[in-house]
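Here is how the chains run, residue by residue.
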Amino acid sequence: MLLEVKGLTKRFGGLVAVNQVGFSVEEGKITALIGPNGAGKTTLFNCISGFYQPNEGEVLLNNSNIIGQPAHKILQKGLARTFQLVRNFEGMTILENIMTAAHVHSGQNFLNSLLFLPSVKKSEKELKEKANDILKFLNLAHVADKYPNEISYGQKRLVEIGKVLATDAKLLLMDEPAAGLNDSETRTLVDTMREIQKTGKSILIVEHNMKFIMELVQKIVVLDFGQKIAEGTPEEIRNNEKVIKAYLGGGKVNA
Amino acid sequence: MDVYGQLLIAGISTGSIYGLIALAFLIIYNSTQIVNFAQGEMVMVGAMMTFFGLSFHSFSYLSTFFIVIGSMIVIAFIFQHVLVKPLQKQGASMFSIIIGTIALGIVLSEGMGLWLGKQQYGVPPIIPNNPISLGNITILPQNLLIIIISWSLVISIWYFFNRTMTGLSLRAVSISTEGAQVSGIKISRMLAIGFTLSAVVSGIGGLLIAPVVGASPYLGLSIAVKGFAAAILGGMGNIYAGMIGGIIIGISESFFSFYIPSYAEAITFTIMLFMLVVKPTGLFPEHS
Amino acid sequence: NSSSTQGSSGADDPIKVGYIGALSGGSSTMGVPGKNGIQLAVDEINADGGINGRQIELIAADDKADPATSATQAQKLINEDEVVAILGGPNSGTVKANSEVIAQYGVPELITIAMNDTLIDPNSATFPTTFRMTEDNSYDIRALAEFLIGEGHQNIGVIADNTAYGQSGTESIKKILEEKGLNVEIAVDHPVGAKDLTAQTLKLREANVDAVYVFSLGPEGALFMKTLKQIDWKVPVVGGRGLNMKAFVDLAGDAADGMILPTVINPNKPEAKEFIEKYDEKYNDDPTHVYSSLGYDSMYLLAAALKKSDGEGGDALIEALESLKDIPTVTGGMDHTASFTDDKHNAVNENYIIFNQVKNGAFEFYTDEVESGWE
Amino acid sequence: MLKVKNVSAGYDGIDVLHEVSLNVNEGEIVSLVGLNGAGKSTLLKTISGILPAKKGDIYFDDQKVTNHSTDSLVKKGMVHVPESRFLFPALSVKENLLLGTAAKDNKFRKLKSDELFNFVFDLFPVLKERSSQRAGTLSGGEQQMLAIGRGLMSNPKLLLLDEPSLGIAPILVEKIFESLLMLNKEGITIFLVEQNVSISLDISHHAYVLDLGKVIMSGTGKEVLNNPQTQEVYLGGF
Amino acid sequence: MKNFSRFNFNSKYLLLILALLFFFLPTFVNSPYLIRVIEMIAIFSLLGLGLNFLFGYTGQISIGHSAFYALGAYTSAILETKFAVPFYIAWIVAIVLTGLIAYLVSFPILKLKGHYLAMATLAFVLIVETILGQWIPVTGGHDGITVLTVSLLGPWIAQNLYYFIIGSTIIAIWMLMNISKSSIGRSHQALRDDEDGAESLGIPVKKYKVNAFVFSAMLAAVAGIWYAHLSMVITPEVFSAGVSIQLLMMVVVGGMGSNLGAILGAIFIIVLPEFLYDFQDASMFIYGSIVLVILLFFPGGLAGIFKKVSKFLFHRKKYSGKESEVDVQNAS
Ligand SMILES: Nc1ncnc2c1ncn2[C@@H]1O[C@H](COP(=O)(O)OP(=O)(O)OP(=O)(O)O)[C@@H](O)[C@H]1O
Ligand SMILES: Nc1ncnc2c1ncn2[C@@H]1O[C@H](COP(=O)(O)OP(=O)(O)OP(=O)(O)O)[C@@H](O)[C@H]1O
Ligand SMILES: CC(C)C[C@H](N)C(=O)O
Ligand SMILES: [Mg+2]
Ligand SMILES: [Mg+2]
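Chains as they are written, first to last, in the numbering used here: chain A, 1 to 255; chain B, 1 to 288; chain C, 1 to 375; chain D, 1 to 238; chain E, 1 to 332.
Extracted from the complex, chain A is given alone in its bound form:
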């Protein structure tokens, strides 16, 4: 099992945002985490990726507990996440944003950069190539030299994905990657995600766009009021009464 979450609990004062949640993500699969607004999905992501300290529970990445480790360490171990609200480095071009995301494994450090050793020069070239490849893959090559505030919201979301790809992480946690995309764009994103999956990555997605989820994922975990209320294949979830009542509603939206 690539990722295992066990008995995870996170409280904010009196509010239990995540309550004894456990589930797992299999290697090479795309798993979805869904649930009503405020169900605790983002909070769960924050606990897994090291941004929050959960009050209870374990998170096992490749069978080792990563709770208590700082976020950058967790990324270096192979788990990357995107943010629900896009956050880019405003002072850099899109290309540089992606290059920065690829920095961790570049082998550059303070000392060798100070002296600009040949290894740094070489790594810079590699970073640039890698970033350009990713931009091409995401159809963003034409905005490479723009600054984040100059591109549209949808493009920003793609840049977010580009960044986690650049980190070389094996497991990608994505918070609402399809938000703000229209159906055809979502369709393209499905293809993109499948491509990503093919490169051997595993993905855990939070998303409210049910067409996207049902089409794409192999397994769904449903949260409500911080608790897991269901887990299963898209087919099972689609027909789960509890889930329909709490989350999916009459189905008009997911036509």
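These are computed hints drawn from the structure, not numbers from a lab.
A portion of the hints provided could be inaccurate.
Examples of chain A residues lying across from chain D (beta carbon under 10 Å, computed) [to be verified]:
| no. | residue |
| --- | --- |
| 1 | GLY35 |
| 2 | LEU85 |
| 3 | PHE110 |
| 4 | LEU111 |
| 5 | ASN149 |
| 6 | GLN155 |
| 7 | LEU181 |
| 8 | THR186 |
Since this is a predicted model, take the numbers as computed values, not measurements.
Beta carbons are placed, not taken as given, at the ideal position from N, Cα and C, and that holds for glycine.
We have chain A; now place chains B, C, D and E with the ligands onto it with these hints.
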């Protein structure tokens, strides 16, 4: 025992001065997110105008008060329209604006020095300055006045910021100008209110301390440092916090000055550093 | 090494003299009147035919009371402007920084106002060419020590600011008073710009001293006097030179009444009176006339030496300075004259200090019968 | 009620909108659809005065309001709920909502709530529960609700909504659109940008399609929805 | 983004030319004053480069930089004059010790952000200033320490201190130039823009901040060593909080985030006052006004002006081409 009481009173009255300066910092900060490093110079302008009114022209206290308030309104206008607005328009970073306020501070004190001279001037007290005794402890009327006025200002401005629509709008503008815009808040007007209020409070600060420490074009820096420290120690997000920070600093300084005067300031700053490490956004965190 | 290239150029060129002092910032209260006093003297000397026919040109540089700037300015005055001598300003710290540079070039420096004891040492390797118009802190302190003994005080407390002025003053007070058999019971200090001195005052009171020696500048000095009044402690107080500011009496009001403090200008002396009138007519920015008169005297002293060296700088001027004898001054007692020798680089002689007493919020002449001077 | 005539606008010398014209009649729900980057948000920002129009004119209630300040437009009854929400993260939910009423009268009046609160709380009960929580700590969907709620607090005549369903759970999206219909019935005119075209066009009286800054199609909601081109571009694949 | 100009020496050749120019300057110009001014500019450049890296690049404000300047100066001076430590050892100890103190201080202090960090660093320099002024047996109090450069360093080194100062400044520029074109440089900018975002991409934010803090403190220590031996007397005033504020102003006026800007800022702060003497009393007033004008009308600071001018001079065709393009757009 009366020594401690006396030290306490002294700490509270200097602390109230720091608190008053902190209040001026916090008003601007809570309506624009700007930390005004020219705050000390604004106080200086208040003090120099007090000297100008009372000693230069022998006006009455009332007319001097209006001269001070009038000049502070002018300064607020300059501050907003000549400095902050153009800088914000060009998308300048927070840091550039801070440096801008520092430069404005230089211009204010040097300009004042060119106009009224670079001397240190004495300014007569507002009320007859015969000490009042409370048991074994004595206090100067001027200091009592400082305490009373600065505390009333803090309380009324706190009320304004937290209990009126305009006050809430001011805070909203500082948090997000875009948000304020779409909420229908008239931003330029809010800024004008914030800048003017802060400048007027600084001016009153200058008016109050001039009889204690005199007026000089260069008195700004030292007073601003303490006022800023008070605001930071209290927490920048709360209008009243600076006064509490100021009192803590004042009392600490007062007591350590008694035991180890050479290091009193350094010890006070060290205590503040420790408090900050424990509470990184001040004693009363930005948003409780 | 380059002293031979300094000074003497064409016979008609003006003789350049530099002044380095604080013309902006807090210390400009002293630095600007100092400069104006010098300028007044320069104008008079020039109107009078200058130095053996040559005019004097004063080049003033602002060091903002910053030692680093001061040193750079010294370099500029010497290398670019080629001044023959430099008049030093009011801050001991900056004078210290610039005199090391100046001495390297063998240019004489004549300090106008700064008082630190360690600034003058004709036998030192680092600043053998530094002279001073005014006397040092110790000179003032000796005078006040005699006064305190005369009044029958034994246990003395000291309050001083924590600058170079206050700190070295405190050291000297301790040394001299002990030498004279007095007892410095306690010394406290405070930062410049302090808003409250209650703690320091209480501390002095707890120590049960007979008299207090204040070595701070005007505003804090006044704050101290007001605090004394507030806690109703009637202790005799004497003060240092730095209290000679209008701000002191203005702020202290009647709280400072009775206090004794040293000054350098005696209003009963005709020369002083004349200077005061001339100065106020032209500048009127130095109510106590301490700093302007020191600048004025310094320039006359330098002019006397320049006349001897015939406008020549370097060693000739140093020699000329060291042989100045009995030059009359507007500062100092009734018939005070100044002189240098090769191991006395402080110009003043006995009979320099005058005591003022504060009365009704003003400085009033107290006595010029002051026992004082060098050991 | 709202007329946009030949408006061009953009950023830093680059035009995003090219001579866009459209109409929103009183009492209608009008949708604007288009691909990412087409300029929909830019158009809304230009209408509400956040972004200057470089050319063309905008009329609101038959008054020319081109480049009027946002606050004056809010006062006139035009409220924009932007894509990026622009909440006040450091303020409480309640304070955020109160600020929605800032334009109404800005005297130094005391803060107090009124019946509008109840309206918003009925629509989004969770906001009532969280009324003293800081907006910045709300979940994504809760923030979206708050942004819409704040917009409603000023009792607008015309509501400009930029992707109200963004980040909202399906069950709630339905509820929001039901409420929009209800608001519309109560007389509020709505100009809507929405990616979820199947549902938005369904409730719209009128719709425009924007592509590369130009209006390329318009018609009733149903017409646009059923247009084969729309089907392909916006609903393709599902 | 417009707020942070990132104009840099874009070629090592320019740097090389600069280096050669300054190395041979003393052979052509025989003006000790000019040399001293250049030395002071170089010292302030070292301070500015370090601070700019911390502040313009990493976004960590420091109003306490002169404390490290002081630590370098005092440590070397105390070791050399009071303990007769050979200068080369004293210098190394001064730099390492300053780095160590910066390291220790950075842990609690860098937890703070923005204005809180500003106050903490300001408090730090005020504390250091007090200690320098009050710990008389070691620091000499306000009388300071006299450094007899010639006898401590030997006449040859003392005579050629200029080359040491210029050499170290050139090396510092070169290093920072390297940093700014490497991934490390970008990562520092990233954490400036969004700490959580950077952290989530595996950038050890805390460690990088500490690195930047320590490195810039060490550069300040080098500047302090040079200052002590150049001026031959050090007192607490030289390193006061006011100097820290000036340094900050220098970086912003020069052009935040730009190494070139740090140097132009140093030139500005040292040279401008020299030109303002004629205005005497009004010189500081004019100085403050000029700073305001630069901030208001030249957002990229001096580096921005420099860049524009050089673009105009050297790439005239390209530049005017672009310009007209924009004009057409605006007119349409
Ligand atoms: N720092 C905090 N303090 C208090 N409450 C919080 C905090 N952070 C989150 N919450 C609350 O915890 C609950 C879970 O939030 P979370 O962001 O995890 O929801 P979510 O499932 O991601 O919802 P959405 O789909 O709307 O993004 C929400 O009700 C939210 O208001
Ligand atoms: N602040 C800005 N500065 C420069 N260009 C911008 C800015 N904001 C948006 N743009 C550009 O304007 C174009 C239109 O953007 P806009 O946000 O209006 O699109 P949209 O139709 O709302 O797209 P989406 O569906 O992704 O929200 C995009 O190409 C974008 O790159
Ligand atoms: C008070 C002044 C006459 C003395 C001067 N401040 C000094 O440093 O010596
Ligand atoms: Mg969420
Ligand atoms: Mg949009």
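Consistency of the hints with the structure:
1. GLY35: Constraint on GLY35(A) satisfied, holds at 7 Å.
2. LEU85: holds (7 Å)
3. PHE110: violated (34 Å)
4. LEU111: violated (39 Å)
5. ASN149: Since the shortest Cβ distance to chain D is 9 Å, the answer is holds.
6. GLN155: holds (6 Å)
7. LEU181: holds (6 Å)
8. THR186: holds (8 Å)
The structure fails to meet hints 3, 4 from the earlier list, while all remaining hints are met.
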